[in-house]
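Participant: Residues per chain are reported as follows:
There are 2 protein chains.
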Amino acid sequence: MKILILGGDGYLGWPTAMYLAEKGNEIFIVDNFIKKKIESEFGIKPLFPTKTLQERVKIWNSQTKNKIKFEIGDLLNYRFLNGVMEQFKPNCIIHYAEQPSAPYSMANRERAVFTQYNNVVGNLNLLFSIKKNCPEVHLIKLGTLGEYGTPNIDIEEGWIKINHNGRSDRLLFPKKPGSFYHLSKVHDSANIEFACRIWNLRCTDLNQGVVYGITTEEINKDFENFCTSFHYDGIFGTIINRFIAQLVCKKDLTVYGKGTQKRGFLNIMDTLKCVEIATLNPPKLGEFRVFNQFTEFSSLNELANLVISSGEEIGYHAKKINIVNPRIEMEEHYYNPKNTSLLSLGLKPLKLSKKEIIKNIKFVEKYKSNLNEDLFKPAIKWDLNEKSI
Amino acid sequence: MKILILGGDGYLGWPTAMYLAEKGNEIFIVDNFIKKKIESEFGIKPLFPTKTLQERVKIWNSQTKNKIKFEIGDLLNYRFLNGVMEQFKPNCIIHYAEQPSAPYSMANRERAVFTQYNNVVGNLNLLFSIKKNCPEVHLIKLGTLGEYGTPNIDIEEGWIKINHNGRSDRLLFPKKPGSFYHLSKVHDSANIEFACRIWNLRCTDLNQGVVYGITTEEINKDFENFCTSFHYDGIFGTIINRFIAQLVCKKDLTVYGKGTQKRGFLNIMDTLKCVEIATLNPPKLGEFRVFNQFTEFSSLNELANLVISSGEEIGYHAKKINIVNPRIEMEEHYYNPKNTSLLSLGLKPLKLSKKEIIKNIKFVEKYKSNLNEDLFKPAIKWDLNEKSI
Chain S
9 MKILILGGDG YLGWPTAMYL AEKGNEIFIV DNFIKKKIES EFGIKPLFPT KTLQERVKIW
69 NSQTKNKIKF EIGDLLNYRF LNGVMEQFKP NCIIHYAEQP SAPYSMANRE RAVFTQYNNV
129 VGNLNLLFSI KKNCPEVHLI KLGTLGEYGT PNIDIEEGWI KINHNGRSDR LLFPKKPGSF
189 YHLSKVHDSA NIEFACRIWN LRCTDLNQGV VYGITTEEIN KDFENFCTSF HYDGIFGTII
249 NRFIAQLVCK KDLTVYGKGT QKRGFLNIMD TLKCVEIATL NPPKLGEFRV FNQFTEFSSL
309 NELANLVISS GEEIGYHAKK INIVNPRIEM EEHYYNPKNT SLLSLGLKPL KLSKKEIIKN
369 IKFVEKYKSN LNEDLFKPAI KWDLNEKSI
Chain R
9 MKILILGGDG YLGWPTAMYL AEKGNEIFIV DNFIKKKIES EFGIKPLFPT KTLQERVKIW
69 NSQTKNKIKF EIGDLLNYRF LNGVMEQFKP NCIIHYAEQP SAPYSMANRE RAVFTQYNNV
129 VGNLNLLFSI KKNCPEVHLI KLGTLGEYGT PNIDIEEGWI KINHNGRSDR LLFPKKPGSF
189 YHLSKVHDSA NIEFACRIWN LRCTDLNQGV VYGITTEEIN KDFENFCTSF HYDGIFGTII
249 NRFIAQLVCK KDLTVYGKGT QKRGFLNIMD TLKCVEIATL NPPKLGEFRV FNQFTEFSSL
309 NELANLVISS GEEIGYHAKK INIVNPRIEM EEHYYNPKNT SLLSLGLKPL KLSKKEIIKN
369 IKFVEKYKSN LNEDLFKPAI KWDLNEKSI
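Line by line, the protein sequences are chains S and R. Going by this note's numbering, the residue at position 243 of the first sequence is 251; the numbering climbs one at a time, nothing skipped. Going by this note's numbering, the residue at position 24 of the second sequence is 32; the numbering climbs one at a time, nothing skipped.
Derived by calculation from the structure, the hints in this document are not laboratory data. It should be emphasised that the depicted structure is a prediction, and the values quoted were computed from it without experimental measurement. Each hint should be verified, as a subset may be incorrect.
The list treats identical chains as interchangeable, and a pair is accepted whether it falls inside one copy or across any two copies.
[As the list claims (entries may be wrong)] In silico EDC-like links for lysine to aspartate or glutamate, alpha-carbon gap of 16 Å or less:
no., residue 1, residue 2
1, K140, E118
2, K45, D230
3, K139, E118
4, K327, E284
5, K229, E320
6, K140, D391
7, K77, E339
8, K327, E295
9, K389, E144
10, K346, E164
11, K75, D162
12, K139, D391
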């Protein structure tokens, strides 16, 4: 299959590229490196040094017959995007290429606007380029479980049958997103559903939970050359990765608010398997299909406690502290998101275990001297002060 | 009350400004005249010549003690917007300032992107400027009934109580918008709901039907100086206005598709009353309130037949023809939008009658020589050809 991976330099994009190349697919990566710029704005470095994309691809291609191609460019540049589409003619597009940080989108007006402009317009350009060049392509769009918020009813997969006043219809699940970033994904999904409906395009929208983990089979082959960026900071860091970094620094694990908020999550290796399952099972033309992509869910307190008890097995004595929540969100809530679609298509979830956490702790330990404790603090408050507007 | 009217030069913005000034409010208009640019792109002129905003305001202010102020500028220019907000400190903001044409948004990629960029970013800038300058202001945002599409259940006012698997929640009504323009309004509403939820702002979102009509009490005082732009074209024209123009030209009334599609509509004078009712009954802080703003709904065929039978009373013998639908939409559908909120707050609807249509026909007759029959044709097809992408 010819697979175009947009955002193919990222935490998930790069491992996805290697994984799907290894399965014999023809892979073409596009990235604009916006994440590098944002890292610099906040003085962030990922924990491990990573090779440049150019180096990684060169080394990868020297070691395997399953070559990876790439072009540097931006979805906001329609001429560029269209050129790639015309040249590569993909069967499948995996779209990771969005500003991915909720805190960044809440930092101030400029960054909220950038997030929605970048994500919504990049995605619109993609829809028009698909319509023009390859209307039968299978678009796999990365969304997030956070788009749904925490409604008081079960969270279905993208669509819900509503019975109302004696009639019924299947409609998009009403969402209650928690940041301007999450909102940008909701806008994208609405635009894509429309394009499927009127232009007969097809899409799988993956509403993904929080991803944890460092290695994949391909990264394990040559960690120094192939590792992916690992963030533990307040902008790009995901929660389990940050807790592990705090533990290794012998710092308290900082839980936002009461910690009774629940999050769906999954192992990075399951992200790759979920995306692969989507590629192998395309929806029919005209279908806007949504999968909720997570394998487990827990409260923040439960996650912190699991990291702490895992650490205890190898001599760490950390504790959890609940700090003022920088986000504005419901802390006590019902939570029951469904994830049956990917399971029914064959996903065999890796469960988060002490063993898995200990494995990650040991990786982080190797790079302990790189850890910057300043980055553990919440970088952004949802309730802006006037200066930041 | 100090009322800021964004988009105060438009078909509805200008009559709203005069109407609310006459009620003793202090009015400040902002407009960027983007509609004039778009008119030129399609060779469109409104039926009646209108004075410039500068002339209209000057004449208005010379005749009344209820003065109107204005500034020319763009919501995309945050410094400008913020300056107006700091200077005027409104109690209420009426936000009409968006690219308002569904066909325009479907013309090609560039215009789809412009529509979403302009509307979403302008509205985001407004939310941040409100948060900074006047977090207690009452934002009245113009949306459209077309955001809902045509679900197979009753259309509630913005929110719906969903019972699902034995639990229930009140969530945003799931929408199925019919163009990139309608989608931009859905995105706006989602962004505003979030801002109300986390920043305690307050908003009334008016999901308005198709507006018809030419005159208001204020316009009637001095039609040549105070009339508002009347469009009958395929970009900005609304359906009843276009049917009347076709009748006056002795042309067939062109109905898109089967004509069984239903639309909610209202008289321009009722738009003013609805907006006034909203200004006088603000929601509480933190509330995102939605009113469906229409007084009647009919199928396109019924509307065409009413215009034809009205014309017959004064000697016209028009007929209706059903042409290929340039839009992609359901033509046969259930339709039951609710509009009880504005009625319960005291709206006394003007009903569309033969008398009202004949009044409008006579206005259009006076300017018959200005009518450009080329503009009756649908300007844009929803199913783009490759050239336009």
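Participant: Could you run down the list of hints and mark each one as holding or not?
Facilitator: Results for each hint:
1. K140 to E118: between (32 Å within a copy, 14 Å between copies)
2. K45 to D230: neither (27 Å within a copy, 57 Å between copies)
3. K139 to E118: between (31 Å within a copy, 14 Å between copies)
4. K327 to E284: Answer is neither: 38 Å inside a copy and 57 Å across each miss the 16 Å cutoff.
5. K229 to E320: neither (29 Å within a copy, 83 Å between copies)
6. K140 to D391: Cα proximity of K140 and D391: across copies only (11 Å, versus 42 Å in one copy).
7. K77 to E339: neither (44 Å within a copy, 46 Å between copies)
8. K327 to E295: Neither, since 48 Å and 39 Å both go past 16 Å.
9. K389 to E144: neither (43 Å within a copy, 21 Å between copies)
10. K346 to E164: Close inside one copy (5 Å), not across copies (26 Å); limit 16 Å.
11. K75 to D162: Cα proximity of K75 and D162: none, with 43 Å in one copy and 54 Å across.
12. K139 to D391: between (40 Å within a copy, 10 Å between copies)
In the structure shown, a violation is registered for the earlier hints numbered 2, 4, 5, 7, 8, 9 and 11, in ascending order.
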